[in-house]
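A.B. asks: Sequence:
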Amino acid sequence: MITTSKPLSVALALSLLVAPITAQALAQTAPEAPAISVEEAVAIALQAQAGTIGEAELDQFEGRPAYDIEVVNAAGEEIEFKVDAETGEILNQWTDDDPTDDPVAGSDTDG
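Just so you know, the numbering used here puts 44 at position 42 of the sequence shown, and the rest follows in order with no gaps.
Read the hints as simulated data drawn from the structure, not as lab findings.
For glycine and all other residues, C-beta sits at the position ideal for the given N, C-alpha and C.
Accuracy of the hints is not assured; some may be wrong.
Simulated restraints, written as ranges between beta carbons of each label pair [unchecked claim]: (1) Ala77 x Ala37: 25 to 35 Å; (2) Ala76 x Glu34: 33 to 43 Å; (3) Asp99 x Ala35: 28 to 38 Å; (4) Gly78 x Ala35: 18 to 28 Å; (5) Ala35 x Ala76: 26 to 36 Å; (6) Glu34 x Asp100: 28 to 38 Å; (7) Glu34 x Gly78: 29 to 39 Å; (8) Asp100 x Thr54: 18 to 28 Å; (9) Ala37 x Asn94: 26 to 36 Å; (10) Ile55 x Glu91: 36 to 46 Å.
The task is simple: from the sequences and hints, build the whole structure.
C.D. replies: Following this line, the structure appears as structure tokens:
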């Protein structure tokens, strides 16, 4: 017969009760893959503005996942797009008149 101390038994019992809850909580907070791929987001931006892709990455915009797409047009202008990663909707579009002052990726204040 194996004997254990009472504190160890209580700790073991509690860990068995908490483990399933923790696993369930982690599963609910794990990030899901976006519905729209980066390739699809690039195609959406290129439909709106012909040019060459300078940048394409998953970011955030107003608290939701969005692709940050940069298109360089024939005139050399950088046109920035925020494309919703779930719906493909263009959330924001602007001409970047000074690429040297670009904000850090991941901030909600982009464009």
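A.B. asks: Does each hint fit the structure? Answer for all of them.
C.D. replies: Verification of the supplied hints:
{"no.": "1", "hint": "Ala77 x Ala37: 25 to 35 Å", "verdict": "holds, 33 Å"}
{"no.": "2", "hint": "Ala76 x Glu34: 33 to 43 Å", "verdict": "holds, 37 Å"}
{"no.": "3", "hint": "Asp99 x Ala35: 28 to 38 Å", "verdict": "holds, 34 Å"}
{"no.": "4", "hint": "Gly78 x Ala35: 18 to 28 Å", "verdict": "violated, 34 Å"}
{"no.": "5", "hint": "Ala35 x Ala76: 26 to 36 Å", "verdict": "holds, 34 Å"}
{"no.": "6", "hint": "Glu34 x Asp100: 28 to 38 Å", "verdict": "holds, 35 Å"}
{"no.": "7", "hint": "Glu34 x Gly78: 29 to 39 Å", "verdict": "holds, 37 Å"}
{"no.": "8", "hint": "Asp100 x Thr54: 18 to 28 Å", "verdict": "holds, 19 Å"}
{"no.": "9", "hint": "Ala37 x Asn94: 26 to 36 Å", "verdict": "violated, 19 Å"}
{"no.": "10", "hint": "Ile55 x Glu91: 36 to 46 Å", "verdict": "violated, 19 Å"}
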